[in-house]
Amino acid sequence: MSTDTTPTSGLAGSDFASDAHSAAGLREAGRDYLIRLRGGDMGALPATLGLLTLVIGFSLASDTFLTELNIANLITQAGAICVLAMGLVFVLLLGDIDLSAGFTGATGAAVMALMIRDQGLGWPVAVLAGVATGAVIGLVIGLLVAKLGIPSFVVSLAFFLGLQGALLRMIGEGGSVRVDDDFIRGISIDNMSVVAGWSLAGGVVALFALASLLKHRRQVRQNLQHLPLSVVLVKIAGLAVVVLGMTAVLNANRSKNPNFPIEGIPWVLPLVGFLLVFWTYVLTRTTFGRHLYAVGGNKEAARRAGINVDRIRVQAFMIGSSMAAISGIIAASNAGKVSASSGGSNTLLYAVGAAVIGGTSLFGGRGKARDAVIGGLVIATIANGLGLLDQPSYINFVVTGSVLLLAAAVDAVSRRRRSAAGVG
Amino acid sequence: MTGTPLLELRNVNKIFGAVHVLHDVNFAVHAGQVTALVGDNGAGKSTLVKTVAGIYAADSGEQYFEGQPVHITSPKAASALGIEVVYQDLALCDNLDIVENMFLGRELKKGIALDESTMEQRARETLASLSVRTVKSVRQGVASLSGGQRQTVAIAKAVLWNSKVVLLDEPTAALGVAQTRQVLDLVRRLADQGLGVVLISHNMNDVFEVADRITALYLGRVAADVATKDVTHGQIVELITAGRSGSLGLAPSAAPA
Ligand SMILES: Nc1ncnc2c1ncn2[C@@H]1O[C@H](COP(=O)(O)OP(=O)(O)O)[C@@H](O)[C@H]1O
Ligand SMILES: [Mg+2]
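Chains A and B are the protein sequences, given in the same order.
In this note's numbering, each number is its position in the first sequence, counted from 1, plus 99.
In this note's numbering, each number is its position in the second sequence, counted from 1, plus 4.
Result set (BS3-like, lysine-lysine): computed pairs, CA atoms no more than 30 Å apart in a straight line:
id, chain 1, residue 1, chain 2, residue 2
1, B, Lys168, B, Lys233
2, A, Lys334, A, Lys314
3, B, Lys113, B, Lys80
4, B, Lys113, A, Lys314
5, B, Lys113, A, Lys334
6, A, Lys246, B, Lys54
7, A, Lys436, A, Lys355
8, A, Lys334, B, Lys114
9, A, Lys398, B, Lys114
10, A, Lys398, B, Lys168
11, A, Lys398, B, Lys54
12, B, Lys140, A, Lys334
13, B, Lys233, B, Lys54
14, B, Lys140, A, Lys398
15, B, Lys80, B, Lys114
16, A, Lys398, B, Lys113
17, A, Lys398, B, Lys80
18, B, Lys54, B, Lys80
Chain A stretches covered by chain B per the calculated footprint, using a threshold of three residues with CB under 8 Å from any CB of chain B:
id, region
19, 312-324
20, 395-405
In case anyone wonders, no lab produced these hints; they're calculated from the structure.
We put the CB at the ideal spot given by N, CA and C, even for glycine.
With the rest of the complex left out, here is chain A (with noise of 0.2 Å):
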């Protein structure tokens, strides 16, 4: 399985060598990745590594940490994180910054909530209307940004200030909302049944493992540039590993009391998964993906090849402020309530946090979906594993400020080393 290669062929004149047979084998494959890291293109590695030494060490200091019902919490309190951070990838991307993203996400909670209670409406309607919110109200940031030339930054802080106005008028001064919709509710307190979270985590692996292969043979067949099969086996390993051992926690049974028994996986899980695929697909699979890569890579070179510059960038805003309100409404759901100081506090500079140390740079041109969620997981791992330590608030405020200054130093020194090394 290690000598995949291909022959040259047809190609007179030409001398493609490395890419015809790509990497030969892991040990190659390795080598490669190992160059790559060298030259400051680091991916998903600090993060993972960071959430490892924090599993670790959490473990070790905490006998609560490891246990499933605190797996389960954390990953619950993660959701929200994680998709604000999604979100915020995309306005990233471009190098710009949404400051208000946290508030934008409680506006549309707030909405969603007041339609449920005060106008009766169903869960469904009053969630296309939270999400339309971000919507509008990312389309007037990114209007104002991209028209206007106005800096995102400023257009950003004008909003999160604006928002929180919105916000006490909507709700009134120090009040809440309830959020008691059971569906809304679930997504947050409800877990899957076993049965139903096995065959999901089962679908997930075998769907992965098929259109990895599939892609493979396909690469192979056509000629194309190409991981070895080894690398791609490796990847779908690990990705059952992960998907299959998390299953396998969740759905054991993690209440303190034998008579009310709790198992299965928290419904965030599915909708933070599917969020990622998706934005995953847009982002590499479709034009509007790699015109948003190319946006942010070099505008003036976007612009001369027929892009719409300025639409792009109106919507990675809209993605971004609709995804700020999908997450408000995870995190009502957790929370059981819109409060006027909602989306406030740390709640911007932890997706912020999350996107940076999972990868994305704030330089623009580089990120991925799939950043956010492991950033955010890092994240979400710190403040609980502080929480269990019992440890006075301003540790956690100091803890993840150092943590994303030293994922925004990571990023600028291996920005520094891309471009000494060349590589973009």
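Given the coordinates of chain A, assemble chain B with the ligands onto it according to the supplied hints.
Relative to chain A, chain B with the ligands alone:
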């Protein structure tokens, strides 16, 4: 000159506010030939290229493509005719790979998804047809390429679309000796394949090496349009700096310097 030019400009004027940048410019590009466009800084070379590319609209004058009168009003209209420009500051995205850059803005699709296979194959075929030997993989990020390789990708991008006229604005300005060599070879090959190539360059050695004809601009006017074999380095340098050289060039009244 033999035959109808592929691209011809007649009496083209371009005025920016108070600055008359192009003065009754006549300019022709022939298939299978490299036409060098030379002139001092500010002579109007880039403006001429951008007018042909549809980025600027000429204020007066006519344009003909394959003998037919045309109005090139946008970059899209220019590429629809088969006119492509390789800009002075390369229009490549560092965070994308070679294939992605070559198809940028004109991606091939299968349904809603990008057709990566076809794009990769066509990119490779195009590079192969240009006998590009220095690029290891078409899935390499362009940031990892040398200046000459980047220039090569920019040129390959321009010829990917069955273009007929390729205009290169100072493609060797930032390159070392070996890389200049690569690019000049490529420029020559494009012409040998039947394209009309316009090369803007300040380097007389480059010009004399690959160009079949030389058009010299002086303060926005065409000082001379000559076959390379009929002139010397010295004459071209004089045309560039003074607008005239012996019997060649602008009448003294039109050449104030
Ligand atoms: N967009 C513009 N607006 C006003 N003046 C311009 C513009 N573009 C070029 N010019 C002027 O036109 C002249 C020719 O410029 P250019 O075509 O760039 O020269 P070259 O490429 O030969 O060095 C210069 O004097 C320049 O200042
Ligand atoms: Mg110029």
